[in-house]
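Chemist: Sequence:
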Amino acid sequence: MAIGERIRFIRNLRGMTQKFLGLQVGFSERTADIRMAQYESGSRTPKADLVELLADALDVSTEALNVPNIDSYTGLMHTLFALEDLYGFKIDRLDDEICIRINRQNGSTFAKMTGLLEPWEEMAQKYRNGEISREEYDQWRYRYPRSEAERNEAARKGDNNL
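Residue numbers (full-length UniProt numbering): 1 to 162.
Calculated directly from the structure, the hints in this document are not laboratory data. Just so we're clear, the structure is a prediction, and the values are computed from it rather than from any experiment. Wrong hints could be hidden among the right ones.
[Claimed, not checked] In silico lysine to any residue, SDA-like type, Cα no more than 25 Å apart, as pairs: (1) K90 - G75; (2) K126 - G107; (3) K90 - S72.
[As the list claims (entries may be wrong)] Taking CB as the label site, the calculated pair distances span: (4) D56 - T114: 36 to 46 Å; (5) S133 - R93: 25 to 35 Å; (6) D49 - T114: 15 to 25 Å; (7) E150 - R14: 23 to 33 Å; (8) Y144 - E52: 27 to 37 Å; (9) R93 - T114: 47 to 57 Å; (10) Q24 - R143: 22 to 32 Å; (11) S108 - K47: 17 to 27 Å.
Glycine is no exception: its CB is placed at the ideal position from the N, C-alpha and C atoms.
Input sequences plus hints: build the corresponding full structure.
Modeler: Now the structure itself:
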């Protein structure tokens with residue numbers, strides 16, 4: 001999710017108008033809503049100092065607004081939070097292990113995400129069972145979704161070795 005979408009999502013969560021948020025970060029009465037609309041639509045990208053002001057006004061960390069950097073644990077956590085917001089992922093415990101689940105109540109999103117995750121789980125299982133090598137598993141992941149389309153085509157033709 002881009003920064004503008006995150007700003008809009010959190011602003012709406014907070015029950016704020018674009019004008020109110022724009023005024024909170026110091027835009028003039030005349031331009032506050034226009035400027036915020038530009039940032040939310042992605043036609044403008046806020047600089048770091050404005051991101052800090054927006055984060056303060058929305059009472060969130062800057063990481064919650066910025067496109068997460070998954071090269072850090074904090075960035076990874078904010079990516080997971082975004083997945084919770086966008087796709088209904090849930091943190092849970094299963095057999096005394098922490099896991100991430102898809103919210104079944106989120107009907108069409110649940111079905112779509114299940115359809116996307118099942119092939120990944122299937123390929124991971126093949127790797128764990130020794131049916132494919134690490135190289136084959138990585139090749140599938142790094143070429144996704146093309147690799148999945150090729151695998152489906154091969155299965156349709158009756159070649160289930162992929």
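Chemist: Give a verdict on every hint.
Modeler: Do the hints match the structure? See the list:
no.	hint	verdict
1	K90 - G75	holds, 18 Å
2	K126 - G107	violated, 29 Å
3	K90 - S72	holds, 21 Å
4	D56 - T114: 36 to 46 Å	holds, 38 Å
5	S133 - R93: 25 to 35 Å	holds, 33 Å
6	D49 - T114: 15 to 25 Å	violated, 42 Å
7	E150 - R14: 23 to 33 Å	violated, 45 Å
8	Y144 - E52: 27 to 37 Å	holds, 36 Å
9	R93 - T114: 47 to 57 Å	violated, 20 Å
10	Q24 - R143: 22 to 32 Å	violated, 45 Å
11	S108 - K47: 17 to 27 Å	violated, 37 Å
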